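Student: Chain residues, written in single-letter form:
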Amino acid sequence: MNCREFAGIVIDLARNQALDTTQRTQALLHAELCIHCAARLAEERAWLANVRLVAIEINRQEAPTRVEAALLTALRAQRQPEPMRKPYTVNAAWLSWRWAVVAMVLLLMAGLAGIAWRSSNGAAPSQEALRVATPLPVSTPPVFAAQVVATPEPMPARVKRRAPQQREARSSVAPSSETAAPFYSLVEEGQMAPLESGRIVRIEVPAATLVQLGVPLTEATLTQPMQADLLLGQDGLARAIRFVPHTPNTRTPE
Amino acid sequence: MHNVPFTSDEELLRLLAVGDESAFTALYRQHQPPIYRFALLMSGSAMVAEDVTQEVFLALMRDAHRYDASRGTLGAYLYGIARKQVLRSQSRNHSHVSLSASAADENEEVPTLIAADDPLHDCARREVILRVRQAVLALPAKYREVVVLCDFQELSYAEAASALDCAVGTVCSRLHRGHALLLERLRTLSNADAPWRDVVVRCLT
Numbered sequence: 001m002n003c004r005e006f007a008g009i010v011i012d013l014a015r016n017q018a019l020d021t022t023q024r025t026q027a028l029l030h031a032e033l034c035i036h037c038a039a040r041l042a043e044e045r046a047w048l049a050n051v052r053l054v055a056i057e058i059n060r061q062e063a064p065t066r067v068e069a070a071l072l073t074a075l076r077a078q079r080q081p082e083p084m085r086k087p088y089t090v091n092a093a094w095l096s097w098r099w100a101v102v103a104m105v106l107l108l109m110a111g112l113a114g115i116a117w118r119s120s121n122g123a124a125p126s127q128e129a130l131r132v133a134t135p136l137p138v139s140t141p142p143v144f145a146a147q148v149v150a151t152p153e154p155m156p157a158r159v160k161r162r163a164p165q166q167r168e169a170r171s172s173v174a175p176s177s178e179t180a181a182p183f184y185s186l187v188e189e190g191q192m193a194p195l196e197s198g199r200i201v202r203i204e205v206p207a208a209t210l211v212q213l214g215v216p217l218t219e220a221t222l223t224q225p226m227q228a229d230l231l232l233g234q235d236g237l238a239r240a241i242r243f244v245p246h247t248p249n250t251r252t253p254e
Numbered sequence: 001m002h003n004v005p006f007t008s009d010e011e012l013l014r015l016l017a018v019g020d021e022s023a024f025t026a027l028y029r030q031h032q033p034p035i036y037r038f039a040l041l042m043s044g045s046a047m048v049a050e051d052v053t054q055e056v057f058l059a060l061m062r063d064a065h066r067y068d069a070s071r072g073t074l075g076a077y078l079y080g081i082a083r084k085q086v087l088r089s090q091s092r093n094h095s096h097v098s099l100s101a102s103a104a105d106e107n108e109e110v111p112t113l114i115a116a117d118d119p120l121h122d123c124a125r126r127e128v129i130l131r132v133r134q135a136v137l138a139l140p141a142k143y144r145e146v147v148v149l150c151d152f153q154e155l156s157y158a159e160a161a162s163a164l165d166c167a168v169g170t171v172c173s174r175l176h177r178g179h180a181l182l183l184e185r186l187r188t189l190s191n192a193d194a195p196w197r198d199v200v201v202r203c204l205t
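Residue numbers (the working numbering), protein chains in the order written: chain A, 1 to 254; chain B, 1 to 205.
Bound conformation, chain A alone (with noise of 0.2 Å):
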């Protein structure tokens, strides 16, 4: 062993540990040879000793009691304001969730309202349309279902006095279970002035939204947006909406 390996083992030596026979025995071997580092090991003993003095006097000392008795205050305290803050949090976070959901869905129906209303302003209002109250009864008239197929564009006056042939044909085009959906109020009684005239106008709601409102949808239907149509009045406020099946011949524009 030389002294440059003898200074890599001089501290574990000290202490007796971590070295096996063979490698002990070299160390003290060597370190009778060499005075450098046999003085190395005697300070590394005189330092253990001396850290076993301070060890000694050390040891008697602990931390106050006062500081156990302040983290038991502390222990209490942290209990206690939990069981009670923990059920508000979460019905607080839900619920200003949920009524951020129903506004932006509240505010996307006025803008397109708007937008309709605007659009056809002056036309005449629909006759058939007004008889949309809440709810529908479950069999609209074939007239209905095609106007409800016409839309977005506004219902002219004209499509109410087609041809019996013409209806059925249209009516053709929507599928049965269209027309058979109920529109749901959207207002209270008394909320808005009366029914006067009406539009509806077809719009394209997100599933996930429709399931965060509470209506029930399948699982087939859960992944793609719904269509709905909306029935405004002559305010340009949406007044009820129905639900209508998702179907390729829906979407088919006039």
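Hints in this document: simulated from the structure, not taken from any laboratory. Incorrect hints may have been included.
[To be verified] If you want the ones that stay clear, here's a sample from chain B, every Cβ over 10 Å from chain A, calculated:
#, residue
1, Thr7
2, Asp9
3, His65
4, Arg71
5, Gly75
6, Ser91
7, Ala138
[What the hints assert, rightly or not] Simulated DEER-style distance windows between Cβ atoms:
#, chain 1, residue 1, chain 2, residue 2, range
8, B, Arg92, A, Arg15, 30 to 38 Å
9, A, Arg98, B, Glu10, 27 to 35 Å
10, A, Gln17, B, Glu10, 23 to 31 Å
None of the values given here were measured: they were computed from a predicted structure. Beta carbons are placed, not taken as given, at the ideal position from N, Cα and C, and that holds for glycine.
With chain A's structure known, arrange chain B on it following the hints.
Tutor: Structure of chain B alone, referenced to chain A:
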């Protein structure tokens, strides 16, 4: 409240997470003394050591879930927190580093009054202790923490590496370097305290 006389650290931490006071007390009483001593040796101030101990256990109370048993013992984890707290405290207030004011530390005055069988021996012993602690405090922090953990707290290299979040080889090399600096410092202190050793004394014979 549960009675937790002989429970593992993991079990005590689980109980602490649900606010069990006796679990906390058991953990505190088991781990507080070494943490306090570590902070005391690192800072040289009983006041800082007290603050650090309190911060360490507050951190454990708040974030008991952060301890990962696969990365080391709870003791090593707590040493890690204590080490950061000491360094933070020292960077905030450098006046605590000096041990010359150690007489002002209330905890250090008590042993002086207890051990007085042989006043001369006791005086010499106290002088050695003071000198060793001064030498330790004079070390740079990265060597000091290794010396305190391995020499004074008698942690293995692996445990110290876990506490300091470094490799075992780094611990070994820092310990060697720290010892070299300490021995040099002690030699300097001895010579400064006994200047007559280097002065030629007239021979009267």
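Student: If a hint holds in the structure, say so; if it doesn't, say that too.
Tutor: Outcome of the hint check:
1. The claim that Thr7/B lies off the interface holds: its Cβ sits roughly 17 Å from the closest Cβ of chain A, which is beyond the 10 Å cut-off.
2. Look at Asp9/B: its CB is around 17 Å from the nearest CB on chain A, clear of 10 Å, so calling it non-interface holds up.
3. The beta carbon of His65/B sits about 14 Å from the closest Cβ of chain A, which is more than 10 Å, so the claim that it is off the interface holds.
4. Against the 10 Å criterion, Arg71/B stays outside the reach of chain A, whose nearest CB is about 22 Å from its own CB.
5. With a least CB separation of 16 Å from chain A, Gly75/B remains clear of the 10 Å interface cut-off, as annotated.
6. Non-interface status of Ser91/B relative to chain A is upheld: no Cβ of that chain comes within 10 Å, the nearest being about 22 Å off.
7. Remark: the non-interface label on Ala138/B is consistent with the geometry, its nearest Cβ contact in chain A lying 14 Å away (cut-off 10 Å).
8. With their beta carbons about 35 Å apart, Arg92/B and Arg15/A fall inside the hinted range of 30 to 38 Å.
9. At about 40 Å, the beta-carbon gap between Arg98/A and Glu10/B misses the expected band of 27 to 35 Å.
10. At about 28 Å, the beta-carbon gap between Gln17/A and Glu10/B stays in the expected band of 23 to 31 Å.
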